[in-house]
Amino acid sequence: MAIAAPSISSAGASTQPGGGAALAAEQLSIFYSDKEAVKKVDLSFAPSSVTALIGPSGCGKSTFLRSLNRMNDTIASASMKGSIWLDGEDINAPGTDVVTLRQRIGMVWQKPNPFYKSIYENIAFGPRYHGIKNKKELNEIVESCLRRTALWEETKDRLHQSALALSGGQQQRLCIARALSVQPEILLMDEPASALDPVSTAKIEELISELKQEFCIVIVTHNMHQAARVSDKTAFFYMGNLIEHNDTNIIFTNPENKQTDDYISGRFG
Amino acid sequence: MKATIEPSTRSSEGANPAAPTPGEAVSQPMNVSSNQSTGGKPSGNKPVARKRSRSGNEWFGKTYTMICVSVLIITIFSIVYFVASKGLATFFVNGVSLKEFLTGVKWAPDGEPQTFGALPFITGSFMTSILAACISAPLAFCAAIFMTELMPKFGKTVMQPVIELLAGIPSVVYGFVGLSVIVPFLRSVFPGQGLGIAAGAIVLSIMILPTITTIATDAMSNLPRGLKEGSYALGATRWQTISRSILPAVLPAMLTGVVLGIARAFGEALAVQMVIGNAPHIPNSLFESASTLTSVITLSMGNTIMGTVQNNVLWSLALMLLTMTFVFIFIVRVLERRSLR
Amino acid sequence: MRLSNKQVDRIATGVFYFFAFLIIVILGGLIGYILYRGIGHISFDFLTSPPQTFKVGGGIGPQLFNSLFLLVLTMLITVPIGIGAGIYMAEYSRPGKFTDFIRLVVEVLSSFPSIVVGLFGLLVFVNYFDLKFSLLAGALALTVFNLPLMVRITEQGIRGVPREQKEAGLALGLTRWKTITKVMLPVALPTILTGTILAAGRVFGEAAALLFTAGMSSPRLDFTDWNPFSPVSPLNPLRPAETLAVHIWKINSEGIAPDAAQIAAGASTVLIITVLLFNLGSRWLGRYMYRKLTASK
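Protein chains in written order, with this note's numbering: chain A, -8 to 260; chain B, 256 to 596; chain C, 99 to 395.
Treat the hints with care, since some could be wrong.
[To be verified] Think about it this way: if two alpha-carbon atoms lie no more than 27 angstroms apart in a straight line, the pair counts; the simulated BS3-like pairs of lysine-lysine are:
1) B:K317 with C:K104
2) A:K108 with C:K276
3) C:K104 with B:K483
4) A:K102 with C:K104
[Stated by the list, open to error] Listed next, the stretches of chain B that the computed footprint assigns to chain C, with coverage defined by at least 3 CB atoms under 8 angstroms from CB atoms of chain C:
5) 328 to 334
6) 362 to 374
7) 379 to 386
8) 433 to 447
9) 472 to 486
10) 547 to 555
[Claimed, not checked] Rough simulated footprint, nothing fancy, chain B against chain C, three-plus residues with beta-carbon under 8 angstroms:
11) 146 to 160
12) 245 to 255
13) 323 to 334
14) 372 to 386
Don't read these hints as lab results, they were simulated from the structure. From the three backbone atoms N, C-alpha and C, an ideal C-beta is built for every residue, glycine too.
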């Protein structure tokens, strides 16, 4: 498995044991009550790369993604077996500080979900909670996060208006900006553009390509063109199984597995 | 070094040298040492102190909400305990016979000899509340049909608020209106003073109308669309659809509503007390003065001395009200379980 | 003669219309009657002067104040506990026996007859805690009566918050408690506030639970004395206090003032108008807050 050279944001992380990747799932199974939604998946994610998870609806890719920051904890019936390694620590180990874990792993959802607060508050909320009280510092964070998501010019005059007044695409970029505000190392994106128009989608994809310089990004997508455009690696899920995982250009040009081939060429899904 | 982001590399990251790093601002200097000292602890790039304050915060939330819940639990147990201990004293301390209490028809706590027959109040309570439900249930059914089937728009904008308002009117106001409108009306039409079971039941029927209507309306609007459409598609008229498809389907919910209505009527005190006349007998007609469990408690509690048998029997009546509450809830639960199946 | 299906249908529809309008007429008549009887009696003087026992011209000033003050006291106790327990039910409870049990507790507590709650208050707050007939004892009794409602309102409000809001809070590395209080509670606030105001209307009109807790009399109040520890101060929570609703009950059953009927009508009018205001106010506020929160026009 090719791992990118240790990069800036995870210099410490990639030297750890546990596969050498920033984040890796090992023999991971996830159950809803008795139903096995994800079956013994081994998958690792390199720093400074984009991995796309593709597959038909209900194949377990979103469930898998949500387990990476233990968001499935909020679903009472969900349970997990196997390990997820982050810097050599199993995030499912008892005693793990879930709160810190989630701060290190940012998340973006399918539907834009800005807080019911002002644009400014959406960004400043996390950092303030994590101990930054200085107004000037907060202002800088807000500005830089909005700049990185190309929202600054559009919103700088109405920072204190409700975030819900923004358009869908702007809201989604705001949500990405919000995720960046607490300095995560990894970004999980659950079909971040599927609810958006083509122009907004293009902006989000552009943003992903830029952000990958600094983050390990895992993105779930239904859109195979999107997967091909933005990702370095692609993993194909089917019926809870990881069918194939490889460089994106290999998956899309010369997949090893017949099912993968059928799916990406649109024969089912 | 473990999971720590080096400040030097951080600050040079990306195209944004100004990007501030929240984690670093609070934690970097002591970060390394804290991580080293805690070894394999997965506390990441956060100082231990911060983690502790955070778990304290979570602990606070859990404890606080748990305390609030225990207030509820303590309250209910103490209500049951105190009312029961007082109410049972009548039988265990004062030696009043339970049989006499439940079946005796003569209530003379200050008489010679004292008699404590509560049957007049028990019948009074049951009669007023059941009669009230009999008046209210058909009205509620009509109102619910009207709101869901006939004029949904008018129902939503006018009926619904009207019904909600009806639920909000204080019971003393109902009592006042009953006393100044319903009682004189009954007096002019029927023999007697107008005070009595009938007046109580009419007042109560208006009071419980919202309860039954709301439940019936909810049940009707939750019916599957196919049920109605299937009936109409077979050429049934609206009445046929209502009587053959809708009514049977909402009957269990209606029944639940009726029981809840009766429960509310059973426990209502002041509105009934104002219009029922308060004579401690089983009345011969609906238009003769009577009493209920609540009315006799309301009237006599202030005139008896704590600890005396005259006072304790009132607690026995209260215990009976309490027991009936549990019975009603039990019935409602059974009905709900049935309709789920 | 047999009626055709069509005729039966028409008759039935007529019956439904008749009863529906009957209900509206009843309510309209009810409110209209009270207003008609009472509105003429309402004046500034009536609302501010103390009642008279034997003479014409008594007012409801102290009673009105008592009702409002008692409402505030009750809400001060109920809201923090109710919201806490509601949060527990919505967020911390796990499906199981214990949660079912608490649900049952809430249900039972909300169906206890208010007179029984009043008796409990008499025994525990008035006698055991030795609060005597007082505003505080009344407020505690009303808390018992109002708490289950508050729990339900909060639970519903919190459960109504979109899942993604909660997850967004958690994903930023907030603790569960912070996510609830800083992210979810603000979103649920319009719902909770609307419900709370409606509950307040109920508290305002409650009388049976107060007869034996807050008492049926008011001391002579000195409205210039705002020291809460003075026995004649209106703010003293340990003084007995007859509320408006209790007052209506009392003059109807034992009023001897010559104008008792008019006073009852006037007081009922005030009570109804207040409840109406609570009702409309909660709707308006709920809608206003929702619009402000979601930035919709």
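Results for each hint:
1. A hinted pair counts as satisfied when its Cα atoms are at most 27 angstroms apart, and K317 of chain B with K104 of chain C does not qualify at roughly 62 angstroms.
2. A C-alpha spacing of about 15 angstroms is found between K108 of chain A and K276 of chain C, which places the hinted pair at or below 27 angstroms, so the restraint holds.
3. For the proposed pair K104 of chain C and K483 of chain B, the alpha carbon gap of about 18 angstroms is at most 27 angstroms, so the pair holds.
4. For a cut-off of 27 angstroms, the pair hint linking K102 of chain A to K104 of chain C is broken: about 51 angstroms separates their Cα positions.
5. Note: the stretch 328 to 334 of chain B has 5 residues with beta-carbon separation from chain C under 8 angstroms; the three-residue rule is met and the coverage holds.
6. With 0 residues carrying a beta carbon less than 8 angstroms from a beta carbon of chain C, the stretch 362 to 374 of chain B misses the three-residue requirement, and the given coverage is violated.
7. Residues of the stretch 379 to 386 of chain B with a Cβ under 8 angstroms from some Cβ of chain C number 0, which does not satisfy the need for three, so the listed coverage is violated.
8. Coverage of a stretch by a chain is defined here by at least three residues with a beta carbon nearer than 8 angstroms to that chain's beta carbons; for the stretch 433 to 447 of chain B and chain C the count is 3, and the condition holds.
9. Evaluation of the coverage hint for the stretch 472 to 486 of chain B: breached, as 0 residues show C-beta separations to chain C shorter than 8 angstroms, against a requirement of three.
10. With 3 residues having a Cβ less than 8 angstroms from any Cβ of chain C, the stretch 547 to 555 of chain B passes the three-residue criterion, so the hint holds.
11. Counting residues of the stretch 146 to 160 of chain C whose CB lies closer than 8 angstroms to any CB of chain B gives 0, which falls below the minimum of 3, so the coverage claim is violated.
12. For the stretch 245 to 255 of chain C, the assignment as covered by chain B holds, since 3 residues bring a beta-carbon within under 8 angstroms of that chain's beta-carbons and 3 suffice.
13. Counting residues of the stretch 323 to 334 of chain C whose C-beta sits closer than 8 angstroms to any C-beta of chain B gives 0, which falls short of three, so the coverage hint is violated.
14. With a threshold of 8 angstroms between beta carbons, the proposed coverage of the stretch 372 to 386 of chain C by chain B holds, since 4 of its residues qualify and at least three are required.
In terms of the numbered hints stated before, the structure departs from hints 1, 4, 6, 7, 9, 11, 13, listed from lowest to highest.
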